[in-house]
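Trainee: Chains A and B are the protein sequences, given in the same order.
As numbered in this note's numbering, residues 1 to 89 make up the first sequence, in order.
As numbered in this note's numbering, residues 90 to 979 make up the second sequence, in order.
These are calculated hints, taken from the structure and not from any lab test.
Hints may be right or wrong, so weigh each one.
To be verified - Residues of chain A placed beyond 10 Å of chain B at every Cβ, according to the derived structure:
{"id": "1", "residue": "Tyr15"}
{"id": "2", "residue": "Arg25"}
{"id": "3", "residue": "Glu55"}
What the hints assert, rightly or not - Below, a sample of chain A positions facing chain B; criterion: calculated Cβ distance under 7 Å:
{"id": "4", "residue": "Ala24"}
{"id": "5", "residue": "Leu27"}
{"id": "6", "residue": "Ala78"}
Quantities reported herein were computed from a predicted structural model and do not represent experimental measurements.
Heads up, the beta-carbon is just placed ideally off N, CA and C, and yes, glycines get one too.
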Amino acid sequence: MKRARAPLFLERRSYRRRRLGDAARLLPVFGVILILLPLMWSPDATGAARLTAWEGVYLFAVWGALIVVAAILSRALAANDAATSDWDG
Amino acid sequence: MPFNLLVLFCFAYVALLFGVAFFAERRAAIGKARWLRSPLIYTLSLSIYCTAWTFYGAVGSAARSGLEYLTIYLGPTLVFVGWWVLLRKLVRIGRQNQVTSIADLISSRYGKSNLLGAMVTMLAVMAATPYIALQLQSVTLSFGVFASQTPEVWGQATGAWVAGGLAVFTIIFGTRKLDAREQHHGIVTAIAVEAVVKLLALLAVGAFVVWGLAGGVAAVLDRIGTSPLAEWELQPGRWTGLIMASAMAVICLPRMFHVLVVENTDEAQLGPASWAFPAYLFAMSLFIVPIAVIGTDRMPPGANPDLFVLTLPLAEGQGALALLAFLGGFSSATSMVIVETIALATMVSNHMVVPLWLRLAPARAQPGDVRRLVLLSRRLAIMGVLALGYGYYRLSGGSSALAAMGLIAFVGVAQFMPVILGGIFWRGATRTGAALGLLTGGAVWVWALFLPSFGSVMPPEVMAAGPWGIGWLRPQALLGTAGMDPMVHALFWSLALNTGAFCLGSLLTFPGPVERMQGAAFVHVFDTGAVGPRAWGQGRADAEALLILAQRILGDDDALQLFEAEARAQGRTGYLPDPTPEVFARVERHLAGSIGAAAAHAMIADLTGRATVTVDDLMAMANETAAIIENQARLEAQQEELTRTARALRDANEKLTQLSVQKDAFLSQVSHELRTPMTSIRAFSDILAEGDVPPEMVAQSGRVIHEETIRLTRLLDDLLDLSVLEAGTVQLNLSQSNLSGLIDRALVAAGQVQPDRRFVITRDLASEQIFVRSDADRLVQVFINLIANARKYCDAAAPELRVMVRQRGGRVMVDFIDNGRGIAKEAQGLIFEKFARLTDQTRAGGAGLGLAICREVMANLGGAISYLPGQGGAAFRVVLPLRIDRMAAE
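Take the sequences, apply the hints, and build the full model.
Mentor: Quick look at the structure:
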């Protein structure tokens, strides 16, 4: 079945919007990488004792960063949503 | 704190929740509950992810295995910050198809299959059982903490009391009515309140521990470093496995799916929830490690770390804080149980009871009977699910750690994930594949994780050596993988085999028509152009039968309301709309909101006497799509044609403007040409009128007047001739004549022009012997004109004119070539225009119309006249057909 020809290039706003969607898709990928990073740390760098506390701090920092970026992205996407009515996924 | 006071507080709290729920239902009923659509309520209701397992169990988990408890919240965080990929699509599909539960989603996607719905329901109930047991256990334990002073008041029956109380609350608010969209505003608001209570409670305990007991953040970090908790070692398998399992569970747990998709009132809630829900989880897990560390430090060695949140404040003499903590834990447990049982009860009634009943007793039809059946079955299901949970709690001995029990449920519901992902991203996923996947994954989960969790059910020798001594079937070492953690082992094998069976089954089988339509609708849910599946052909059943059916499910009032709205939408009064396929589809969707897609589909199919979509329907749908595409193509073609027409019109307009300019120029030229002779005529006639003129003067004046009159007449003749020729209305006098003779005539006639000039005429008489059928007089007129022009304008000292005749095919070419200077290149295009005289000095009475007339004559004769450049003089070529075409002549 032949589908209606989609335009190859988009005007600026739709283009921005699609890239925002791309960013929203990429965010969990970065999140996975950062959260799995502790797996690579060697357990006896400076003695396991201090490591646990800082591991915790690291994980919470990554977590907080994910939340902040997600908040920015979701706001931007919502604002864009209001501006351009329709978009396919 | 006295135990009786605690029970009093507990009742007061429950009464408050009742009040909140009632209030919310009231407001929603009169349409004044706008807050229900706010992202805040949505996010707070999502927080039922944090159950008593989080509230109590996370601290226990942290005390036992360090930071591992974080995985349970990092997985959902990843899913939510990645909402754009999966959740957005899931919620859109859920809203579009009025999905009532996760079983309904899967059944609906795979051809509204009841088999799949029932399978998912069974698996979900099994997975939920340990989870509900976990909540009962935690509440019992927390009561036990307070009851330790007065054990005779509160015994082992706590679990039963709690379960009973929860059943009452859930039945009251969860099954009061059969909603079109399975939404429960009262419960959502109540669990939002509970979400706030549990967050505040945990934060309060955490703040007390960090600043009250440990003495600040830095001190806590130091204490963590020196505590036994720091010896925790990160196990890569469990770390990734638990993140994966929790990420899947946050979607697949029946209660999570319920609040995430079914209770969603507005898609715009999802965006804010994508960061607010992770933020809630963040806040919930922030103080877990400090509480665990300080708890292990300060509590006696034998204390259960699962209860530190409660026992630590109590031991420090903070009774009020302990009470708050208790209410927080109570909230966590109750909100989870309420939503979970509602979700499960919906699944049980829609996918097990109703289909079974439809099969057993389909004939008894009276208004509201299905509705009563559904509500009754849901109430029974709520009690049943709670009883199962209580049974599991008693059977498993109530001793296993909270976290372990939760994980069993996580791995169990994770089995839905391949089927869901395949269903919404892969059109090739089929019902057979989904059933095989669920069956395989469920079986592995039961064998490797669920049954061993009972402890007593699995004989030790089976655990050690496998069933009947088959070693590679050992529950925790399938295919000899004994080195894995039991949970990771079960997760890995169940999901791997599940996905494998699902994919293989899908690849090898062919989906039915409903499946294919649903698959397309699910996968392409964001394509706005895609029309929803039209499941029903032009009405076989009448609207009244449909109304009766709807009344059975929705009850009298709601059904009538729905039908009245439908009728009004069609512009009719009364309650019976035309039974168009659209009405059927909408009613089906409405009913699906109450009893699930599969049952609704089956009931309407029963009514229309057709169980499935026929090939004809599919063809019709394909044709519809094809028609739309064709329509679009036609529109495009029309647009192109319009553009073409517009261009043509623009050209025509330009031409017309040009013509108008030409006409003006022509008119002014004509008036000019007429005026010159007129002026001389008037001048000479004035002289004559004065009288008293010498006779020779009279004669001369008379001659001049005569000549000028002749010139005027000729000009007018020419103009008339031209207009007739241009209009194409000229009468042609056709005859057969010899070309040579015609040229002879022309030469003789033209000889009178400037008869004093001697011309050498070169002719080839032999070539001129051609008979043409044409208008001889007109042709001669053209020849005369050309010869006369040569005589007039050829400026050579010894003027010479060559006449050459040639025949090419059916056409004759006559060339007139003189040996003068010829016509300048830039003027060559102009000479055939009217009044185009190149030089004025040798004018001899011509008004510049000669060549224009020639051109028109030749056009009328079906030929042409053109200037031949590069012949060493002025050269004209006349082309004419041997036999004039009759049509062209007329």
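Trainee: Each hint should be assessed against the structure and marked as holding or not.
Mentor: Each hint tested on the structure:
1. At the 10 Å boundary, the C-beta of A:Tyr15 stays outside the reach of chain B, the nearest C-beta of that chain being 17 Å off.
2. With 10 Å as the threshold on Cβ separation, the claim that A:Arg25 sits away from chain B is violated: the shortest Cβ distance comes to roughly 5 Å.
3. The non-interface label for A:Glu55 is inconsistent with chain B: the shortest C-beta to C-beta separation is roughly 6 Å, within 10 Å.
4. Interface restraint check: A:Ala24 against chain B, minimum CB-CB distance 4 Å, threshold 7 Å, status holds.
5. Proximity of A:Leu27 to chain B holds as hinted, the smallest CB-CB distance being about 5 Å (cut-off 7 Å).
6. At a threshold of 7 Å, the smallest CB-CB gap from A:Ala78 to chain B is about 5 Å, leaving the interface hint in force.
Violated hints for the displayed structure, listed by number in ascending order: 2, 3.
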